[in-house]
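Engineer: These are the residues of each chain, in order.
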Amino acid sequence: MPCSDSTARTIKACGDDLLSIRLGAARDAQAFAEQLRAAGEWQEVVAGIESVVVQFDATLITIDEARQQIAAELAKGYTPKALADVLLEIPVVYGGEFGPDFDAVCEQTGLSAEELIALHTGREYDVELVGFTPGFVYVGGLAAVLRIPRRKQPRQRVAAGSVGIADGRTGLYALAGPGGWPIIGRTTFTLFDPQAKDPFPVRVGMRIRFIAVSAAEAGL
Amino acid sequence: MSVEVLAPGLQTTIQAGARVGMRHLGVPASGAADPLSLALANRLLGNDLLAPALEVTLVGPTLRFNAPTAIALTGGVAQATLGGEPIEFHSTIIAKQGDELAIAAVEIGTRVYVAFAGGLQAQEMLGSCSTYMAAGFGGHQGRALVEGDVLQLQKQNTNTDVARTPQEYRLAFSSTWALRICRSAESDLLQDEQLGELTNTNWIIGRRADRMGMQLDGPMMSVSSDGRMPSAPVFPGTIQCPGNGSPFMLSVDAGTTGGYPRIAQLARVDRHLLGQLRPGDHVRFLPRRPQEAIDALHAKHNYWREWLPGIERVI
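One line per chain: the protein sequences are P and R, in this order.
For the first sequence, the numbering used here gives the first residue as 1, with consecutive numbering after it.
For the second sequence, the numbering used here gives the first residue as 1001, with consecutive numbering after it.
With the rest of the complex left out, here is chain P:
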């Protein structure tokens, strides 16, 4: 079955063994990724914010076959899951040594420190995506005024627990490592615990509220 033009626009090669499917919304990407994983035929099925990328084994299947199978799954349709009834409170120490970009973000947005903290802690958010590194959490729904871009030059190392904002989202760095998001604070909330029965305590669909705490309260 040849791909229609619209399928060709939706499913695009992004490497010789990688196909990207554009879905538009995070919840659609999550739902379609889950459906593909359930089919169990792919090496990797990874959701981004607006897309899903499938890695297939080119020794078992041709790129055209892979494309057609994905198109057939798309044609079946998919149902986004309801949000989980879990509200996590994430303590954050804002600014100072724990938020090296906090002052720059205030300057960029024209907000005072108090206003920035009030805005960030003032609403409930949804976990849109986990990924990047084990335990990294993408939290959606940031206030429009906080919609700033990533740093032009990523940092070689941000501290574990760093709280960054970029592209309308809050990102929680479970691990120390390279990172490109402006960092406004730090949390001591456990985002990844390899020793635990479930190493990934934060899941897509959970709700999040940030709580401003002092370094002493956080034990930092």
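Derived by calculation from the structure, the hints in this document are not laboratory data.
Among the clues, some could well be false.
[Claimed, not checked] Quick list of simulated restraints, FRET-style, between CB atoms: (1) P:E124 / R:E1004: 48 to 58 Å; (2) P:E124 / R:S1175: 31 to 41 Å; (3) R:S1174 / P:A113: 50 to 60 Å; (4) R:E1147 / P:A176: 15 to 25 Å; (5) R:R1289 / P:D57: 13 to 23 Å; (6) R:R1289 / P:A113: 50 to 60 Å; (7) R:N1202 / P:E124: 49 to 59 Å; (8) P:A143 / R:P1219: 36 to 46 Å; (9) P:A118 / R:G1245: 34 to 44 Å; (10) P:E124 / R:E1193: 40 to 50 Å; (11) R:E1193 / P:A84: 32 to 42 Å; (12) R:Q1141 / P:E114: 25 to 35 Å.
[As the list claims (entries may be wrong)] Calculated lysine to aspartate or glutamate pairs in the EDC-like style (CA-CA distance at most 20 Å, straight line): (13) P:K197 / R:E1124; (14) P:K152 / R:E1292; (15) P:K12 / R:D1099; (16) P:K81 / P:D126; (17) P:K152 / R:D1226; (18) R:K1300 / P:D57; (19) P:K76 / P:E41; (20) P:K12 / R:E1292; (21) P:K12 / R:D1217.
[Said to hold, decoys possible] So these bits of chain P aren't anywhere near chain R, every CB distance computed over 12 Å: (22) G77; (23) D85; (24) G219.
Because the structure is a prediction, the values reported are computed rather than measured.
Built from N, CA and C at the ideal position, the CB exists for glycine as well.
Chain P is fixed; fit chain R onto it per the hints.
Structural biologist: Chain R in isolation, oriented as in the chain P frame:
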């Protein structure tokens, strides 16, 4: 049946196969950055091709054997001695109890692999024994080796027949590389002449190069992006370009999603070379359509299959 670490080298880790099927949880591939060299070392000992072995980075370790053990060395070019005597790469070597193995600085390429008959004992985590240092799991306590570490072998095995890698299967290492790439999701954000520049430039591997990825030094690439791209899946070999115009190529320990435009993707056929690219090396990227790159992969598999049955699991 143990091996003691007298000097750890710059960054020596236990690596085996990659973690597969976990990227949606943010768990990277890890595993040997040059899995072909890992497989060649294990092959000489009759091990599974992806059995846990040591991956040595730029400066080698000194190890002491507390029991007789068959070993094999492969990978980048380096001098090595056992009990003070020079030893060959690509050959089964029998170490006696008390022997010290010393591997000097890697001169060409970046990584050397040391495999042990029967394989090393290693912590299995999320489907692989490979060390993932950023999260501190897998391998030996989730980290690079330090002086005084004692590594256990899975079993004592010195009855291995002495084998040597046939000449035609010994990888030639150099400081210049030609790597096949395909277009990626945001290649269109590069202006046409820049896409040409990507493949017409002698790129130099930058000083920032490790198992996460490496900087590509060369002309500034201008991408029409404002730093607000929604995070999207990335893989080993994905070439991204941030707003500063300086592209980088991801390697085996890189995160699973990223927010900088994906301007190209290293083809599977050449991804095993990521682990040998060294700061200062020159790289040319060869543009390929996906099907051409896959045909090249099949050809490479066909070449290696006779010496390494199961090569499809390796590269």
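Engineer: So, for every hint listed, does it hold in this structure?
Structural biologist: How the hints compare with the structure:
1. P:E124 / R:E1004: 48 to 58 Å: Holds, at about 54 Å.
2. P:E124 / R:S1175: 31 to 41 Å: Once the Cβ atoms are compared, 54 Å apart, the range 31 to 41 Å for S1175 of chain R and E124 of chain P is violated.
3. R:S1174 / P:A113: 50 to 60 Å: holds (55 Å)
4. R:E1147 / P:A176: 15 to 25 Å: holds (23 Å)
5. R:R1289 / P:D57: 13 to 23 Å: holds (19 Å)
6. R:R1289 / P:A113: 50 to 60 Å: holds (53 Å)
7. R:N1202 / P:E124: 49 to 59 Å: Roughly 52 Å apart at Cβ, these two residues keep to the hinted range, so it holds.
8. P:A143 / R:P1219: 36 to 46 Å: 39 Å Cβ-Cβ, so the 36 to 46 Å window holds.
9. P:A118 / R:G1245: 34 to 44 Å: Because 37 Å falls inside the window, the suggested range holds.
10. P:E124 / R:E1193: 40 to 50 Å: holds (47 Å)
11. R:E1193 / P:A84: 32 to 42 Å: violated (48 Å)
12. R:Q1141 / P:E114: 25 to 35 Å: Taking Cβ atoms as reference, Q1141 of chain R and E114 of chain P lie about 44 Å apart, which means the hint is violated.
13. P:K197 / R:E1124: holds (15 Å)
14. P:K152 / R:E1292: Violated: K152 of chain P and E1292 of chain R sit about 34 Å apart, past 20 Å.
15. P:K12 / R:D1099: Violated. K12 of chain P to D1099 of chain R sits at ~55 Å, over the 20 Å cutoff.
16. P:K81 / P:D126: Within the cut-off at roughly 13 Å; holds.
17. P:K152 / R:D1226: Satisfied, since the Cα-Cα distance of roughly 9 Å is no more than 20 Å.
18. R:K1300 / P:D57: holds (15 Å)
19. P:K76 / P:E41: holds (16 Å)
20. P:K12 / R:E1292: The hint holds at about 16 Å.
21. P:K12 / R:D1217: With a Cα-Cα distance of about 29 Å, the restraint between K12 of chain P and D1217 of chain R is violated, given a limit of 20 Å.
22. G77: Per Cβ check, G77 of chain P is outside 12 Å of chain R; nearest 21 Å; holds.
23. D85: holds (22 Å)
24. G219: holds (20 Å)
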